[in-house]
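Visitor: First to last, the sequence lines map onto chains A and B.
For what it's worth, the working numbering labels the leading residue of the first sequence as 39, then goes sequentially.
For what it's worth, the working numbering labels the leading residue of the second sequence as 10, then goes sequentially.
These are computed hints drawn from the structure, not numbers from a lab.
All values reported here derive from a predicted model rather than from experimental measurement.
For every residue, glycine included, the Cβ atom is placed at its ideal position computed from N, Cα and C.
Heads up, some of the hints might be wrong.
Listed below are several chain B residues computed to face chain A (Cβ distance under 8 Å; list not exhaustive) [what the hints assert, rightly or not]:
no.: 1; residue: Glu51
no.: 2; residue: Asn59
no.: 3; residue: Phe113
no.: 4; residue: Pro145
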Amino acid sequence: MDIQEYIESGILETYVLGAASEAETRELLYFKEKYPQVQIALQELESDMELIAEQMAVMPPPGTWGRIEASINELTTVPAYEPLRLKDAGGKSGHHFKTPDRDYIEVAESESTHMTIHKSWKWVFAAVFVLGKIFLGCAIYFYLENRQAQEQIQELKTELRQNHLR
Amino acid sequence: MKTEKQISTPLNRHNIHELYDKYSAMLFGYIYEIVRDNNLAEQHVINIYNYIPDHIHEFGDNLQITWHQLQRLTKSYLEHSNSAKYDYQIHNTGYSKYDNRNRFLRLMTEEQKQVFCNAYYSGKTTAELSKELNKPEELIRSALKGAFIIIKKG
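Could you build all of it, start to finish, from the sequences and the hints given here?
Guide: Take a look at the structure:
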């Protein structure tokens, strides 16, 4: 096969765009290993692709990196008993994409400490919070009631003392 | 208390940040052309950067990720993503609100543009394009070749 003719056939462009069939890809990767011209031509085409991507570049919203960083932190430490689930595994390329949709709330995270609790605990926390508020309300109510009663007792004592003096 | 394990990754946050600085605008622009939705494009960018550490073994031993490799990962990710509208439509009114950024597309003929965009954004193979456009595969390859000559010439 004339390798120059192969390079000129447009198959390299097809491969670089990801539009080549599996058989074409296999063949091309074989020629890439065998002929340095193919490798050089591919590198040039990859540079061309980068050029067009640069032309079409659009800055992502300002908070995007922050969100990526937060997700990386979340994935850095995971509980040993809960492996990350795979979403839509398989496919022709064999890629597996992990999703962070675990059934756990990340409570705190830092380099040295990390705590993960089950979501069901949120109802316990909510109940404790509501009960705490109720107890606080009761305590204030009874404190005020008690203070009022004390004042009334004092008044009655004063009245009794005055009546006694008369 | 159950023990925790660390995900071992050859890429640290610093490396990912470098990659983000280098390619995020290109990646966002590329994905936007496919999904045509800023929020969705942003979410895909976030997901892709999160998946890089898990797929680093696919990029070779030197950990130097090229745009081409990142784009391949992106295409593969989009193929598996249910939310991505992975079908590039060409409109008479233009390609998207960012079209005017691409001088190469403006220089291409309609046929070259159609073939190039469907392969580049939609990931369609030459066989699929040949069938869809009812044209021989050689013609599709030739159109792609012509599109790349325009890109080279600038």
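Visitor: Now look at each hint and say whether the structure bears it out.
Guide: Going down the list of hints, with the structure as the test:
1. Glu51: Result: holds, 6 Å to nearest chain A Cβ.
2. Asn59: Cβ of Asn59 of chain B sits 5 Å from chain A, so the hint holds.
3. Phe113: holds, 6 Å
4. Pro145: Since the shortest Cβ distance to chain A is 12 Å, the answer is violated.
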